[in-house]
Amino acid sequence: MLRIRLHGRGGQGIKTASQILGTAAHLAGYQAQDFPLYGAERRGAPIAAYARFSKNIVLERGPIAQPDIVLIGDETLLSDPMAAVTQGTDASTLIFINSRHTSHDLKQHYQLESLPVQLDISELCQKYIQKPMILSTALAAVGARLMGRIDLHHLLQAIREELGQGRLGPEKIAANLKLAEEVFQKAPSFDLEFSESDAGFSASRLVTLERRPPVDSAPLIFATGNMALRKTGNWRTHRPVINYEECNGCAICYARCPEGDIRMDTNDKPVIDYDHCKGCLICATECPKHAIEILREVESWN
Amino acid sequence: MELTRNKQIMLTGNKAAAWGARLAGVDYVPAFPITPQTEIVETLAQWFADGHMHGKYTNMDSEHSMFMAAGAAAASGVRVFTASSSQGILYGLEALHTIAGWRVPLVLVNVSRALATPITLEPDHNDVLSLRDTGIIQLHAETAQEVLDYILMAYRIAEDPEVCLPVLVNLDGFYLSFTREPVVLPDEAEVREFLPLFKPSQPVFQASEPMARASAVFGGGNYSYFKIQHHLAAQNVVNVYQKITQEFGERFGRFYDAVERYRLDDAEYVFVMSNSFATKGKAAVQHLRKNGIKAGLLKLSLLRPFPSQIIADALAHRPKVAVIDQNLAPGMGGILYPEILKAVYRREDRPQHLLSVIGGLGGRDIQEGDFISILQRLDEAPGDDPLFLFDEKDLKQFDQLRQIAGFPREARIP
Numbered sequence: 001m002l003r004i005r006l007h008g009r010g011g012q013g014i015k016t017a018s019q020i021l022g023t024a025a026h027l028a029g030y031q032a033q034d035f036p037l038y039g040a041e042r043r044g045a046p047i048a049a050y051a052r053f054s055k056n057i058v059l060e061r062g063p064i065a066q067p068d069i070v071l072i073g074d075e076t077l078l079s080d081p082m083a084a085v086t087q088g089t090d091a092s093t094l095i096f097i098n099s100r101h102t103s104h105d106l107k108q109h110y111q112l113e114s115l116p117v118q119l120d121i122s123e124l125c126q127k128y129i130q131k132p133m134i135l136s137t138a139l140a141a142v143g144a145r146l147m148g149r150i151d152l153h154h155l156l157q158a159i160r161e162e163l164g165q166g167r168l169g170p171e172k173i174a175a176n177l178k179l180a181e182e183v184f185q186k187a188p189s190f191d192l193e194f195s196e197s198d199a200g201f202s203a204s205r206l207v208t209l210e211r212r213p214p215v216d217s218a219p220l221i222f223a224t225g226n227m228a229l230r231k232t233g234n235w236r237t238h239r240p241v242i243n244y245e246e247c248n249g250c251a252i253c254y255a256r257c258p259e260g261d262i263r264m265d266t267n268d269k270p271v272i273d274y275d276h277c278k279g280c281l282i283c284a285t286e287c288p289k290h291a292i293e294i295l296r297e298v299e300s301w302n
Numbered sequence: 001m002e003l004t005r006n007k008q009i010m011l012t013g014n015k016a017a018a019w020g021a022r023l024a025g026v027d028y029v030p031a032f033p034i035t036p037q038t039e040i041v042e043t044l045a046q047w048f049a050d051g052h053m054h055g056k057y058t059n060m061d062s063e064h065s066m067f068m069a070a071g072a073a074a075a076s077g078v079r080v081f082t083a084s085s086s087q088g089i090l091y092g093l094e095a096l097h098t099i100a101g102w103r104v105p106l107v108l109v110n111v112s113r114a115l116a117t118p119i120t121l122e123p124d125h126n127d128v129l130s131l132r133d134t135g136i137i138q139l140h141a142e143t144a145q146e147v148l149d150y151i152l153m154a155y156r157i158a159e160d161p162e163v164c165l166p167v168l169v170n171l172d173g174f175y176l177s178f179t180r181e182p183v184v185l186p187d188e189a190e191v192r193e194f195l196p197l198f199k200p201s202q203p204v205f206q207a208s209e210p211m212a213r214a215s216a217v218f219g220g221g222n223y224s225y226f227k228i229q230h231h232l233a234a235q236n237v238v239n240v241y242q243k244i245t246q247e248f249g250e251r252f253g254r255f256y257d258a259v260e261r262y263r264l265d266d267a268e269y270v271f272v273m274s275n276s277f278a279t280k281g282k283a284a285v286q287h288l289r290k291n292g293i294k295a296g297l298l299k300l301s302l303l304r305p306f307p308s309q310i311i312a313d314a315l316a317h318r319p320k321v322a323v324i325d326q327n328l329a330p331g332m333g334g335i336l337y338p339e340i341l342k343a344v345y346r347r348e349d350r351p352q353h354l355l356s357v358i359g360g361l362g363g364r365d366i367q368e369g370d371f372i373s374i375l376q377r378l379d380e381a382p383g384d385d386p387l388f389l390f391d392e393k394d395l396k397q398f399d400q401l402r403q404i405a406g407f408p409r410e411a412r413i414p
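Each protein sequence line maps, in turn, to chains A and B. Residue numbering for the first sequence follows my numbering, beginning at 1 and increasing consecutively. Residue numbering for the second sequence follows my numbering, beginning at 1 and increasing consecutively.
FYI, nobody ran anything at the bench for these hints, they're computed from the structure. Even for Gly, the Cβ is constructed at its ideal location relative to N, Cα and C. Incorrect hints may appear among the rest.
As the list claims (entries may be wrong) - Heads up, simulated DMTMM-like pairs for lysine to aspartate or glutamate below, C-alpha to C-alpha not over 25 Å straight-line: (1) B/Lys-396 to A/Asp-90; (2) B/Lys-393 to A/Asp-216; (3) B/Lys-7 to A/Glu-161; (4) B/Lys-396 to A/Asp-80; (5) A/Lys-55 to B/Glu-260; (6) B/Lys-393 to A/Asp-80; (7) B/Lys-396 to A/Asp-216; (8) B/Lys-294 to A/Glu-60; (9) A/Lys-55 to B/Glu-368; (10) B/Lys-393 to A/Glu-60; (11) A/Lys-172 to B/Asp-50.
Stated by the list, open to error - Taking beta-carbon pairs under 10 Å as the criterion, some of the chain A residues facing chain B (in silico): (12) Leu-37; (13) Glu-60; (14) Thr-208; (15) Pro-219.
Stated by the list, open to error - Estimated spans, in silico, between C-beta atoms of each pair: (16) A/Gly-148 to B/Gln-235: 52 to 58 Å; (17) B/Pro-319 to A/Ala-65: 31 to 37 Å; (18) B/Pro-196 to A/Arg-212: 55 to 61 Å.
Assemble the whole structure, with the sequences as input and the hints as a guide.
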């Protein structure tokens, strides 16, 4: 069994990447399984997807706790403890990070146990499909190459099948195929072993719950405003920035923000709470003075 | 996508369900979306719009209307498919009891999702087992292939002249609904030979032929007659199912039974499981066998009617058996455990230790270590049931959640 875990944000094509990988491995003759995990999230929220490949029937289901390969499409997730991108990894796990930084810098900055594989696939996505953060094809190509078990032609066929299901026209598919070819050539290859985890396992530490009073046993929440604890600011792919020279303080952005992340200050000017703003950009669209600029979120460190 | 002969492709459980409906050549799909079922009706809507499916797809205003529309359409003699999940099934529960009593054939899919409260999206079987007593036939699928195959067979069962009942196919949310795995897509012409286009075997609503199906009866005797007939028809499905699965197997090469006996022959320890988590059980059996422990698994596929005899035969002379219920009837325990106890009760060859285990609630993973814990409990003398699969990690995580929720706190009582 070979287990791959993919991390990215809603809207970046992480689920599609896992499906391209699954189909490519299936075409290459392996038993395959792929699976996204998401709940009530939306664009920008951390999401994970999983793929398993085996020579024999896959008798596992659900999230992968101990992956052989981790593909990180969005570097900013490494700073988000909730995304848990390195959970279950050790020095033997192959970690790929889509980044402009070098492997050494990444290892040091994020205190990784081993040197990650690094490639700036966003740059290649920009070059071929003009969308730096639509990572479905490029991330799948990295995964296919890293495993060292999937030929380019199976990968390309999988891309045709997965992207061709009525969603993309022939020109865009052709661009994606070129993108995949270049990523496939640039990424390193490892001949990973299929591990059959024969290791004995020990009994779970089951606990017996005692009956507790209703206040402790019903799903009550006393904490008010605990949304504040979940800093959703890093869901943003784009940042709205108010140009105060242009802003007339009409408060339309304040009224329209669906998250309540804009407050009016004592001078009647809006202030954005970037710890929680998810970057939906409704404020920028609604601003009658066009006084809210849209900037790409830069990586969390430089 | 064009239909190709017996091609194996990667499909989610949901997509496999949609393919089942498409290959069955259904005429009518009343629909209402709910996570994790939405992908099924979304896919069918697209196929109707693109002309791959012919007939009528209608977005309804609720699951209650949806099931009523499904039953009414089936009563008019067309082939009907519909799907829901969890709270949606509950909202339509009144309609489901009603249309089952109409004795009309149709197929519905439930994508299991645990019930509120607390609300969640992940699976357990309290939703589908709340239909336990509707008299609707239930098939529970482990894999995407089973989802597709069961739907095709479900139409044959539902439409069998001796049956005429709705048939439900169940699949787990997330672990199967969103999980892609290789599925053999049968050839449409071959499917049509196995499942010809629908010809009703009983009177249907049509112009100038007045009839009623939703009769009122007073006096319990009349009511009892219909209910007993419903029971007899449902019970007979054990035989009908075996006939149809045999024919399906001969035609498509995939043989099914009311239960799957996985390495049971010499098993000393048996896990009884259903649905997608049975895959995890099989993996555990493999690991245990490699370590010299004779384990096996009994997978329940036909849940209604309950194939008591087949289950009792499969468990005969198996000394230690754990029934893993992925559901909970508070104040009682597992829902399937007493049904299995009843199945083996009168048998001399019944298991010596039949343990009740509750696990996988709300999608809580069942891990390899859990199976070891179950074995250990089976080695002890029978004692306090059920064994809950809830461990120190779960408790630690819960304590963190409680802190976020504002505990500990002096309760404010007015």
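Against the earlier hints, flag every one the structure doesn't satisfy and list their numbers going up. The structure conflicts with no hint, since it agrees with every one listed earlier.
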